[in-house]
Amino acid sequence: MPNHETLAARWLESYDKSNYDRGLSAYVLRHTHALIERPFGPDVSFSQVLEVGAGTLAHLSFIRHRFGRYIASDYDQSVLDAVRDKPRPEGVELLKLDGVSLPFENDSFDRLIATHVLEHVASPHLAVEEWVRVLKPGGVLSLILPCDPGWAWRFGRNFGPRKQAQKAGLPYDYYMAREHINSIFNLNQILKYHFPKRDVTWWPFRLPLPDLNLIYAGNFYV
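Everything in the sequence shown is counted per the numbering used here, starting at 324 for the first residue and increasing by one.
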(Lines of atoms letter the chains of each structure in order from A and count residues from 1; the text may use other names and numbers.)
(Lines give C-alpha, C1' and ligand atoms only; values in the text may rest on other atoms or scores of the structure.)
Protein backbone atom coordinates (compact mmCIF):
# COMPACT_ATOMS: atom_id res chain seq x y z
CA MET A 1 0.00 0.00 0.00
CA PRO A 2 1.28 3.51 -0.77
CA ASN A 3 2.43 5.50 2.25
CA HIS A 4 0.36 8.67 2.08
CA GLU A 5 2.72 10.75 4.22
CA THR A 6 5.67 9.88 1.98
CA LEU A 7 3.57 10.58 -1.10
CA ALA A 8 2.47 13.95 0.29
CA ALA A 9 6.10 14.92 0.97
CA ARG A 10 7.10 14.03 -2.60
CA TRP A 11 4.10 15.95 -3.90
CA LEU A 12 5.21 19.03 -2.00
CA GLU A 13 8.68 18.81 -3.52
CA SER A 14 7.29 18.97 -7.05
CA TYR A 15 4.20 21.15 -6.43
CA ASP A 16 5.43 24.53 -7.62
CA LYS A 17 7.23 23.09 -10.64
CA SER A 18 4.24 20.96 -11.63
CA ASN A 19 1.63 23.68 -11.17
CA TYR A 20 3.21 27.12 -11.55
CA ASP A 21 6.32 26.87 -13.72
CA ARG A 22 4.82 26.38 -17.18
CA GLY A 23 2.00 24.95 -19.25
CA LEU A 24 -1.77 25.10 -18.99
CA SER A 25 -1.92 24.57 -15.23
CA ALA A 26 0.50 27.44 -14.63
CA TYR A 27 -1.59 29.77 -16.78
CA VAL A 28 -4.83 28.73 -15.07
CA LEU A 29 -3.53 29.02 -11.53
CA ARG A 30 -1.74 32.33 -12.02
CA HIS A 31 -4.71 33.89 -13.75
CA THR A 32 -7.25 32.67 -11.22
CA HIS A 33 -5.30 33.65 -8.11
CA ALA A 34 -5.75 37.20 -9.34
CA LEU A 35 -9.54 36.87 -9.54
CA ILE A 36 -10.18 37.22 -5.81
CA GLU A 37 -7.78 40.18 -5.60
CA ARG A 38 -9.54 42.37 -8.17
CA PRO A 39 -11.60 44.32 -5.58
CA PHE A 40 -8.62 44.92 -3.29
CA GLY A 41 -6.11 47.29 -4.84
CA PRO A 42 -3.40 49.37 -3.15
CA ASP A 43 -6.05 51.82 -1.94
CA VAL A 44 -7.56 49.09 0.29
CA SER A 45 -6.15 48.27 3.72
CA PHE A 46 -6.88 45.32 6.00
CA SER A 47 -5.49 45.44 9.51
CA GLN A 48 -5.49 41.68 10.17
CA VAL A 49 -5.36 39.02 7.45
CA LEU A 50 -5.24 35.24 7.90
CA GLU A 51 -4.43 32.81 5.10
CA VAL A 52 -5.37 29.21 5.85
CA GLY A 53 -3.53 26.44 4.01
CA ALA A 54 -1.00 28.91 2.62
CA GLY A 55 1.24 26.04 1.47
CA THR A 56 4.13 27.25 -0.68
CA LEU A 57 2.91 30.89 -0.43
CA ALA A 58 1.64 30.75 -4.01
CA HIS A 59 -1.08 33.32 -3.36
CA LEU A 60 0.99 35.89 -1.48
CA SER A 61 2.52 37.48 -4.59
CA PHE A 62 -0.97 38.33 -5.88
CA ILE A 63 -1.88 40.45 -2.84
CA ARG A 64 -2.14 44.13 -3.82
CA HIS A 65 -3.85 45.64 -0.78
CA ARG A 66 -2.07 47.00 2.27
CA PHE A 67 -2.14 45.13 5.56
CA GLY A 68 -0.89 45.47 9.10
CA ARG A 69 -0.45 41.78 9.86
CA TYR A 70 -0.68 38.84 7.47
CA ILE A 71 -0.56 35.35 8.98
CA ALA A 72 0.30 32.69 6.39
CA SER A 73 -0.64 29.45 8.11
CA ASP A 74 -0.49 25.77 7.29
CA TYR A 75 -1.15 22.57 9.20
CA ASP A 76 2.02 20.91 7.88
CA GLN A 77 5.20 22.06 9.59
CA SER A 78 7.34 20.66 6.77
CA VAL A 79 5.54 22.99 4.33
CA LEU A 80 6.30 25.98 6.53
CA ASP A 81 9.92 24.90 6.89
CA ALA A 82 10.22 24.64 3.10
CA VAL A 83 9.14 28.27 2.58
CA ARG A 84 10.70 29.86 5.65
CA ASP A 85 13.58 31.34 3.66
CA LYS A 86 11.38 32.73 0.88
CA PRO A 87 11.37 36.54 0.74
CA ARG A 88 8.21 37.95 2.33
CA PRO A 89 6.78 41.45 2.59
CA GLU A 90 6.96 43.21 5.93
CA GLY A 91 4.15 42.16 8.23
CA VAL A 92 3.92 38.57 6.94
CA GLU A 93 4.48 35.80 9.46
CA LEU A 94 4.35 32.02 9.21
CA LEU A 95 2.33 30.03 11.73
CA LYS A 96 1.45 26.35 12.12
CA LEU A 97 -2.32 26.10 12.54
CA ASP A 98 -5.16 23.66 12.16
CA GLY A 99 -7.28 25.56 9.67
CA VAL A 100 -10.57 24.19 10.97
CA SER A 101 -9.87 24.80 14.67
CA LEU A 102 -8.34 28.25 14.97
CA PRO A 103 -6.79 29.55 18.23
CA PHE A 104 -8.20 33.04 17.81
CA GLU A 105 -11.00 34.95 19.46
CA ASN A 106 -14.20 35.81 17.66
CA ASP A 107 -14.04 38.80 15.30
CA SER A 108 -10.23 38.78 15.00
CA PHE A 109 -9.62 39.25 11.27
CA ASP A 110 -10.68 41.58 8.49
CA ARG A 111 -9.96 39.05 5.76
CA LEU A 112 -9.45 35.28 5.61
CA ILE A 113 -8.01 33.66 2.48
CA ALA A 114 -8.16 29.95 1.61
CA THR A 115 -7.10 29.02 -1.92
CA HIS A 116 -7.51 25.41 -2.99
CA VAL A 117 -8.25 24.35 0.58
CA LEU A 118 -11.95 23.65 1.09
CA GLU A 119 -12.01 20.72 -1.35
CA HIS A 120 -9.63 18.90 1.03
CA VAL A 121 -11.52 19.44 4.31
CA ALA A 122 -13.50 16.56 5.81
CA SER A 123 -16.38 18.74 7.08
CA PRO A 124 -16.39 21.83 4.87
CA HIS A 125 -19.48 23.38 6.46
CA LEU A 126 -17.76 23.33 9.86
CA ALA A 127 -14.63 24.89 8.38
CA VAL A 128 -16.72 27.69 6.90
CA GLU A 129 -18.44 28.28 10.24
CA GLU A 130 -15.05 28.45 11.99
CA TRP A 131 -13.71 30.91 9.44
CA VAL A 132 -16.77 33.11 9.82
CA ARG A 133 -16.33 33.00 13.61
CA VAL A 134 -12.91 34.65 13.46
CA LEU A 135 -13.92 37.25 10.86
CA LYS A 136 -15.06 40.65 12.00
CA PRO A 137 -18.53 41.87 11.02
CA GLY A 138 -18.13 43.19 7.49
CA GLY A 139 -15.08 40.97 6.96
CA VAL A 140 -14.45 38.98 3.81
CA LEU A 141 -13.70 35.32 3.16
CA SER A 142 -11.79 34.80 -0.11
CA LEU A 143 -11.83 31.34 -1.70
CA ILE A 144 -10.55 29.61 -4.81
CA LEU A 145 -11.77 26.10 -5.64
CA PRO A 146 -11.22 23.67 -8.51
CA CYS A 147 -14.32 22.69 -10.48
CA ASP A 148 -13.63 19.04 -9.70
CA PRO A 149 -15.29 16.69 -10.70
CA GLY A 150 -16.72 18.84 -13.46
CA TRP A 151 -16.17 17.71 -17.03
CA ALA A 152 -13.85 20.59 -17.99
CA TRP A 153 -11.65 20.06 -14.93
CA ARG A 154 -11.37 16.32 -15.51
CA PHE A 155 -10.53 16.85 -19.16
CA GLY A 156 -8.18 19.79 -18.64
CA ARG A 157 -5.96 18.19 -16.05
CA ASN A 158 -4.75 15.74 -18.70
CA PHE A 159 -2.83 18.63 -20.27
CA GLY A 160 -0.92 19.80 -17.22
CA PRO A 161 -0.70 18.50 -13.67
CA ARG A 162 -1.21 14.82 -14.44
CA LYS A 163 1.66 14.79 -16.95
CA GLN A 164 3.97 16.63 -14.58
CA ALA A 165 3.10 14.29 -11.72
CA GLN A 166 3.70 11.23 -13.85
CA LYS A 167 7.09 12.59 -14.92
CA ALA A 168 7.95 12.89 -11.23
CA GLY A 169 6.80 9.30 -10.63
CA LEU A 170 3.74 10.35 -8.64
CA PRO A 171 0.37 8.54 -8.87
CA TYR A 172 -1.70 11.62 -9.71
CA ASP A 173 -5.14 10.01 -9.82
CA TYR A 174 -4.63 8.19 -6.53
CA TYR A 175 -3.44 11.37 -4.82
CA MET A 176 -6.38 13.41 -6.15
CA ALA A 177 -8.81 10.71 -5.02
CA ARG A 178 -7.38 10.98 -1.51
CA GLU A 179 -7.17 14.77 -1.44
CA HIS A 180 -10.12 16.21 -3.41
CA ILE A 181 -12.86 14.78 -1.21
CA ASN A 182 -15.47 17.54 -1.72
CA SER A 183 -17.06 18.17 -5.09
CA ILE A 184 -17.57 21.67 -6.44
CA PHE A 185 -21.26 20.86 -6.77
CA ASN A 186 -21.58 20.38 -3.00
CA LEU A 187 -19.25 23.22 -2.03
CA ASN A 188 -21.16 25.64 -4.22
CA GLN A 189 -24.39 24.81 -2.39
CA ILE A 190 -22.75 25.14 1.05
CA LEU A 191 -21.34 28.56 0.19
CA LYS A 192 -24.62 29.78 -1.31
CA TYR A 193 -26.39 28.82 1.91
CA HIS A 194 -23.90 30.51 4.24
CA PHE A 195 -23.28 33.70 2.25
CA PRO A 196 -26.20 35.62 0.74
CA LYS A 197 -23.73 38.44 0.04
CA ARG A 198 -21.06 37.10 -2.28
CA ASP A 199 -19.14 37.95 -5.43
CA VAL A 200 -18.36 34.78 -7.38
CA THR A 201 -16.55 34.26 -10.67
CA TRP A 202 -16.68 31.02 -12.61
CA TRP A 203 -13.63 30.78 -14.86
CA PRO A 204 -13.12 30.82 -17.80
CA PHE A 205 -16.69 30.88 -19.13
CA ARG A 206 -18.36 32.97 -16.37
CA LEU A 207 -21.60 31.00 -16.56
CA PRO A 208 -22.38 29.31 -13.20
CA LEU A 209 -21.98 25.81 -14.61
CA PRO A 210 -19.35 23.62 -12.90
CA ASP A 211 -19.02 21.26 -15.86
CA LEU A 212 -17.96 24.08 -18.21
CA ASN A 213 -15.42 25.78 -15.95
CA LEU A 214 -12.06 25.05 -14.35
CA ILE A 215 -12.08 27.38 -11.36
CA TYR A 216 -14.56 28.87 -8.89
CA ALA A 217 -13.32 32.06 -7.20
CA GLY A 218 -15.23 34.20 -4.78
CA ASN A 219 -15.29 36.82 -2.04
CA PHE A 220 -17.90 36.14 0.63
CA TYR A 221 -18.97 38.88 3.00
CA VAL A 222 -19.84 38.37 6.66
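Hints may be right or wrong, so weigh each one.
With a straight-line cut-off of 20 Å between C-alpha atoms, the simulated SDA-like cross-links for lysine to any residue are [as the list claims (entries may be wrong)]:
1) K486 - A475
2) K515 - R485
3) K419 - E453
4) K520 - E428
5) K419 - R387
6) K419 - S396
7) K459 - H448
8) K520 - V455
9) K515 - P460
10) K515 - E452
11) K515 - Y497
12) K486 - Y498
13) K515 - R529
14) K409 - V423
15) K459 - L425
16) K459 - G378
17) K459 - D496
18) K409 - I394
19) K409 - L425
20) K515 - L425
21) K419 - P460
22) K515 - Y498
23) K515 - K486
24) K520 - V545
Computed spacing ranges between beta-carbons, pair by pair [stated by the list, open to error]:
25) D399 - Q489: 20 to 26 Å
26) P519 - R392: 26 to 32 Å
27) F482 - E502: 16 to 22 Å
28) R529 - P472: 17 to 23 Å
29) S384 - F482: 34 to 40 Å
30) S370 - Q489: 23 to 29 Å
31) S370 - R521: 37 to 43 Å
32) R456 - R361: 22 to 28 Å
33) P426 - S401: 16 to 22 Å
34) R389 - Q489: 27 to 33 Å
35) P426 - E502: 22 to 28 Å
Honestly, the hints are just simulated from the structure, not real lab data.
From the three backbone atoms N, C-alpha and C, an ideal C-beta is built for every residue, glycine too.
Review point. Honestly, do R389 and Q489 meet the 27 to 33 Å range at C-beta?
Key: Check failed, 42 Å falls outside 27 to 33 Å.
Review point. Are the Cα atoms of K419 and R387 separated by 20 Å or less?
Key: violated, 24 Å
**Study point:** Restraint status (C-alpha distance of K419 to P460 at most 20 Å)
**Key:** violated, 25 Å
Exercise for review: Take the C-alpha atoms of K459 and L425, compute the straight-line distance between them, and say whether it is at most 20 Å.
Suggested key: holds, 14 Å
Check your understanding: Does the alpha-carbon distance linking K409 and I394 stay inside the 20 Å limit?
Key -> Status holds; Cα separation ~15 Å.
**Study point:** 20 Å limit on alpha-carbon distance, applied to hinted pair K409 and V423
**Key:** Roughly 26 Å between the alpha carbons, so the hint for K409 and V423 is violated.
Review point. Could one say that the CB atoms of R529 and P472 fall in the range 17 to 23 Å?
Key: holds, 20 Å
Check your understanding: Is it true that the C-beta distance of P426 to E502 lies inside 22 to 28 Å, as the hint says?
Key -> holds, 25 Å
Point to revise | Proposed proximity, E452 with K515 (alpha carbon, max 20 Å) | key: Within the cut-off at roughly 13 Å; holds.
**Study point:** Pair hint outcome, K515 versus Y498 [Cα-Cα no greater than 20 Å]
**Key:** violated, 28 Å
Check your understanding: Between K520 and V455, does the CA-CA distance stay at or below 20 Å?
Key -> The hint holds at about 13 Å.
Check your understanding: Is the Cα-Cα distance between K419 and E453 20 Å or less?
Key -> holds, 17 Å
Consistency note: the structure conflicts with the earlier hints numbered 2, 4, 5, 11, 14, 16, 17, 19, 20, 21, 22, 23, 29, 30, 31 and 34.
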